[in-house]
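Single-letter residue listing:
Number of protein chains: 2
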Amino acid sequence: MTYCVGILVKEGLTMIADTRTNAGLDNVSQYKKLHIFERPGDRMITIASAGNLAITQAVLSFLSEGIENPETGQVETIWTQPSMFKAAQLVGRAIREVYRIDGPSLEKSNAGFEITMLLGGQVAKGRLRLFMIYRQGNFIEATEDTPFLQIGEHKYGKPILDRAITFSTSITEALKLGLISMDSTMRSNLGVGMPIDLITIKRDAIAHDVLHRIEPGEPYFHDLRERWSAALRAAHKAIPTPPYGG
Amino acid sequence: MTYCVGILVKEGLTMIADTRTNAGLDNVSQYKKLHIFERPGDRMITIASAGNLAITQAVLSFLSEGIENPETGQVETIWTQPSMFKAAQLVGRAIREVYRIDGPSLEKSNAGFEITMLLGGQVAKGRLRLFMIYRQGNFIEATEDTPFLQIGEHKYGKPILDRAITFSTSITEALKLGLISMDSTMRSNLGVGMPIDLITIKRDAIAHDVLHRIEPGEPYFHDLRERWSAALRAAHKAIPTPPYGG
Chain B
1 MTYCVGILVK EGLTMIADTR TNAGLDNVSQ YKKLHIFERP GDRMITIASA GNLAITQAVL
61 SFLSEGIENP ETGQVETIWT QPSMFKAAQL VGRAIREVYR IDGPSLEKSN AGFEITMLLG
121 GQVAKGRLRL FMIYRQGNFI EATEDTPFLQ IGEHKYGKPI LDRAITFSTS ITEALKLGLI
181 SMDSTMRSNL GVGMPIDLIT IKRDAIAHDV LHRIEPGEPY FHDLRERWSA ALRAAHKAIP
241 TPPYGG
Chain V
1 MTYCVGILVK EGLTMIADTR TNAGLDNVSQ YKKLHIFERP GDRMITIASA GNLAITQAVL
61 SFLSEGIENP ETGQVETIWT QPSMFKAAQL VGRAIREVYR IDGPSLEKSN AGFEITMLLG
121 GQVAKGRLRL FMIYRQGNFI EATEDTPFLQ IGEHKYGKPI LDRAITFSTS ITEALKLGLI
181 SMDSTMRSNL GVGMPIDLIT IKRDAIAHDV LHRIEPGEPY FHDLRERWSA ALRAAHKAIP
241 TPPYGG
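Read top to bottom, the protein sequences are chains B and V.
Under my numbering, think of the first position of the first sequence as 1, with each following residue one higher.
Under my numbering, think of the first position of the second sequence as 1, with each following residue one higher.
Hint data in this document are derived by calculation from the structure and do not stem from the laboratory.
Relax, there's no trap hidden among the hints.
It does not matter which identical chain is meant; a pair holds if it fits inside one copy or across any two.
In silico DSSO-like links for lysine-lysine, alpha-carbon gap of 27 Å or less:
| no. | residue 1 | residue 2 |
| --- | --- | --- |
| 1 | Lys-202 | Lys-237 |
| 2 | Lys-10 | Lys-237 |
| 3 | Lys-10 | Lys-86 |
| 4 | Lys-125 | Lys-10 |
| 5 | Lys-202 | Lys-10 |
| 6 | Lys-86 | Lys-125 |
Computed from a prediction, not measured in an experiment: that's the story for all the values here.
Isolated chain B (complex conformation):
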């Protein structure tokens, strides 16, 4: 299982991903799910992935090694895309290419072809953008009305984002809310686990601001979890008793 969230606010973008991969409960590993393609001043692109690990790794290899563009005949990589929209299209093409190669065999054995990706960042003078790319290779984009996108085990961590995130939320507050959302998910699904990778990107910086891995036992995240738990306990205790009956 996986949980990744991308939050695009006025000030910038944050992406947060766990690192647990499992094939059944008896086969649990750690893999990085937050991938960085950064050349400061030219492009700051980050990809988070959920789904089948073999598909994810194949897509990432295609993005680095290149895929032939059927219209121009040229081999294109994520480093050559002139905009985030073109980069999202390239990720979609890479997914379709992996599907062409591996999809039929996977489906024949009922394994399914499962992959979803978040693609965020900024290329040269383009806008800072955040996309969610589906297994079919098409995609949607975060907007001011809906400034966050989630992939993987998204439901446990959605209520706090629904309540608290708006486009005007600051980037540090967005990061904090993303970590609370991750904490809620980890508490309810064992398949989502530490360490946690995170990145923040300020609008028009075309470079990362923060790139950090939270290891188990890190004091800030431990404190955030404790404070959040304590605050929730206090919050429900402060609500009056239901007046029904009696």
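Add chain V to chain B, keeping to what the hints say.
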């Protein structure tokens, strides 16, 4: 969609259910999902249902009209069961009977045979118990370690229960937490909606304590939602800013 939760604590049992039924977004209706079989002093049984409405209604009709017990040849209803365990078995038999009649046609049209039920209550001198009955007709029971069971759209409302519910939680606190859980679910899934039905049953009373429908705009529930939202906002604002980077 549906969300129902049953919480069994030392002091008693509470069950909470929404009332929205939909077949697609363009066909939304209101149906009671919390069903009461009460004869004070003899039995206080409540059933909450999630899944296909036709299956649910057929199961409830079988429970009232009776199903023949293949071992004894006698027709049994939920009113004749000598214990909660036997009542859970009867519900399972009713589900299997509906499956025998309707299952093949449903599966032929890819509609699926979807039904899950919560069965809670107490019969005569037996224990107060809470069961979750699956579409296959088998069931699990809530225990002191895991004192709540959910059916339907359960993920959005699970984190608060995971954090706050224990077997020693009071029944009024359990009801309040169940309502917070329902609120979180309604905010994130349009298919779960008001009014909300709730019941509380005190251990060994063999009668309901509270039986209430929360209509839209009811002051207590409105206040609970507002207070919970405000408390969550205050809680995340009170957490220090992440110390990463810069």
